[in-house]
Every structure is written in structure tokens, then in C-alpha cells.
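Participant: Using the sequences and the hints, build the whole thing.
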Amino acid sequence: MAWNFEKGKPIYSQIVERFRKNIASGVYQPGQRIKSVRDLAVEAGVNPNTMQRALSELEREGLLYSERTAGRIVTSDKDKISGIRREMVTDIAEQFIRNMRDSGISDEEILSIVRQILQEGQKS
Amino acid sequence: MAILEADGLTKTYGSLCALDQVSLSLESGRIVGLLGPNGSGKTTFIKICNGLLVPAAGELRIDGSPVGTATKALSAYLPDRDFLPDWMKASDVIDYYSDFFSDFDAQKAGDMLEDLGIKADQKLGKMSKGTREKLRLIVTMARRAKIYFLDEPIAGVDPAARDYILRTIIANYNTDALVVISTHLIADVESVLDEAVLLRNGKVVLHAPVDEVRERTGKSLDEYFREVFAC
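Note that the protein sequences, when read in sequence, are chains S and B.
Going by the working numbering, the letters in the first sequence line up with residues 1 to 124, in that order.
Going by the working numbering, the letters in the second sequence line up with residues 1 to 231, in that order.
Just so you know, the hints here were simulated from the structure itself, not pulled from any lab data.
Do not rely on the hints blindly, as some may be mistaken.
Straight-line distance between alpha carbons at most 30 Å, and here's what the computed DSS-like set of lysine-lysine pairs gives [unchecked claim]:
#	chain 1	residue 1	chain 2	residue 2
1	S	21	B	47
2	S	9	B	108
3	B	203	S	7
4	B	146	S	35
5	S	9	B	203
6	B	219	B	203
7	S	35	B	203
8	S	35	S	78
9	S	7	B	219
10	S	35	S	21
Fair warning: this is a prediction, and the values are worked out from it, not measured in the lab.
Facilitator: The structure is reproduced here in C-alpha cells:
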């Protein structure tokens, strides 16, 4: 099947996450029309009702909205999009810091490692 | 409203109890997995639903009626065994289904065969097992039925064919129809199902939405199944 799902989590919430990520990162552009429920379900290899549930959730969050004739459209609200992007990268950073602290190093060391890697990345 | 209602359905073969007091209520618009190990009663249940077996006790209603000519007209049934003869060509199968079922969409079936690259004059005897399975699924799904009973539609075919079969089911069932898929290959069908019905020794041990099982147990349905049926 085309979309990969983790084992222990509900499928609909993983679809919601995937859309959030793709909207935040610009894979889905603001104002872009998305495919029909059935087409998306076939693409993802999931039950159409599960896809419907995920899209309704995204509508409730305001990331998608319905237009009677044009189907579902990605929000053009830039603040909303940058808001979820911020939320997402904050999660990633927090997880990273937790992992680093678990390896027993100080916050200063974390910063210096991050700086060093960023600088090396700039050179190459 | 439930389109399929079983109440205390029981079937015995001699001293063996194949179905033991099965009560189930399934609604339209769902894809339901009938899951369980070999010999748990899946095929027996589906055969009763299609009038091929008569229950020893209990009641079954499809769209409000007991199983009979009227309910068979509403039900598209894919048996677990290949039943079409080798001498038939793909086009013969389409004619055959057109003769038998007034809700059969020959145009749609023909288009789907063409998409797969199956030629109309190709004989079934010359087709691979996977191709025959796809053909049987296509003619089943090309009916505009209210209930689809698919008995082991993905058994014995390669992963690419499984993928095709599951996609074909998702893409083609009427959204107001009920689809019942029996299989023991749970990992493959899990994401396609609304609800799971787990059978063990002819008894229903679980009937729940798949996402609810995943949420409650923190496991995939497949992992949960292995736990329940661990020897």
C-alpha cells in the first residue's frame, strides 16, 4: 500500500498527521484543491470512511475547508499554516533535546554540537 | 439501519459446531473484515448468507428478509474457490455474469479488464492464478449490489496482486453498500476495514471498529489477533 502506517496508532490520526505535515511544509499549497475522498482512499490504501473522518478532523482544525462545487481546499490562512509549522518543529526540537539530555550531556554541549554541525553543513 | 442481521446463528456438521450462536448486526456503507484462523467459521457464515448452507438454528435477515431469491439478487458473492471453467474466455465470463445478474455492469467490467491488460479472447485456462483471482473479483465488484461477500479474495496471490485487489474493492464498491471480506491475512486488509469481526471456534469474540482496537490496545489489529489466538 502506498502510505505507510505505524502499527499501534489509529489510522485516521496518522492520516491527519500526514496532512498537517504536508500543509505545514508546503507539499500542499495554500488554496490548493485536494483529491476526492475516494481517490485519496485508493491512493492511501485505506477505507474511505477513515479518510472521510480524517478530512473532517482537518476541517474542524481549519486546515481544510469545503466548497460546495470545488471539493476540499487547503486553507490560505498563512498564520494558521505557520502556526502548525511552529508547533511541529517545536515537537521535533523538544524530542531532540530530551534524547540529548538522556545521553548525559549538558545544555551548553548540546548547543555547541548543534552549532558545529550547522557550520560544517554551511561549508559543504 | 442494519442490512445484515444474524441472531443466534448456529451450524453443526455432525458433532462439530462450525457456528455457535452467532449474533451480528452489520450496517450499510461499511467494509467489515470477517477474521479468524482456518476453521473458525468464516466460510460457513458466508455460505449461509448466500443460501448455500442452511443453519441448524437461529435467524438471518438480509435487508429485512430471510435468505432467498430476493436477497441473492442484492448480494454479490465471491466464493473462496475458483468456480469458472478453464475453457471460458474473459468475454464469456462477462456474458455469463450479464445473463445471471441484472445489476451487472458489463461495460465497467470490460473497462477494468482492459486496464489490467486482460484480452477478451484470453482463455481462463491460460491465465495465472493471480490473474484469474483478479478477473473473479472484477466481475463480482462490477455488480451494483447492496452487499458484497468476498471470501478470501487475497489468499494465494502475490503482494502486488493483493494491492490491486484491495484497491479495486475500495475504488468500486457502492458507498451505501456493505462489504464483508473474510481473510486470515489481517495485516494486509487492516487499513481497508471499518470494522473487524473476530471468529474463534464458531463464536464471535470481538466486533469493533479497527481504529478503536488500535487506540485501545496500542497494537495493530494483526498483533492483537496473534495475541488472542496464540497457541
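Participant: Check whether the Cα positions of residue 7 of chain S and residue 219 of chain B lie no farther apart than 30 Å.
Facilitator: holds, 6 Å
Participant: Next pair to validate is residue 35 of chain S with residue 203 of chain B; report whether the Cα-Cα distance is within 30 Å.
Facilitator: Given pair residue 35 of chain S, residue 203 of chain B is violated - Cα atoms ~41 Å apart, limit 30 Å.
Participant: Between residue 146 of chain B and residue 35 of chain S, does the CA-CA distance stay at or below 30 Å?
Facilitator: Since the Cα atoms of residue 146 of chain B and residue 35 of chain S sit roughly 26 Å apart, the hinted pair holds (cutoff 30 Å).
Participant: Has the given pair, residue 21 of chain S with residue 47 of chain B, been kept, meaning a C-alpha gap of at most 30 Å?
Facilitator: violated, 45 Å
Participant: Would you check the hint for residue 9 of chain S and residue 108 of chain B, treating anything up to 30 Å between C-alpha atoms as holding?
Facilitator: Answer violated: residue 9 of chain S to residue 108 of chain B is near 37 Å, above 30 Å.
Participant: Under the criterion that the straight-line Cα-Cα distance not exceed 30 Å, is the pair residue 219 of chain B, residue 203 of chain B satisfied?
Facilitator: holds, 23 Å
Participant: If you draw a straight line from the CA of residue 9 of chain S to the CA of residue 203 of chain B, is it 30 Å or shorter?
Facilitator: Holds, at roughly 27 Å.
Participant: If you draw a straight line from the CA of residue 35 of chain S to the CA of residue 21 of chain S, is it 30 Å or shorter?
Facilitator: holds, 17 Å
Participant: Between the alpha carbons of residue 35 of chain S and residue 78 of chain S, is the straight-line distance 30 Å or under?
Facilitator: holds, 22 Å
Participant: Take the C-alpha atoms of residue 203 of chain B and residue 7 of chain S, compute the straight-line distance between them, and say whether it is at most 30 Å.
Facilitator: Within the cut-off at roughly 26 Å; holds.
The earlier numbered hints that this structure contradicts are 1, 2, 7.
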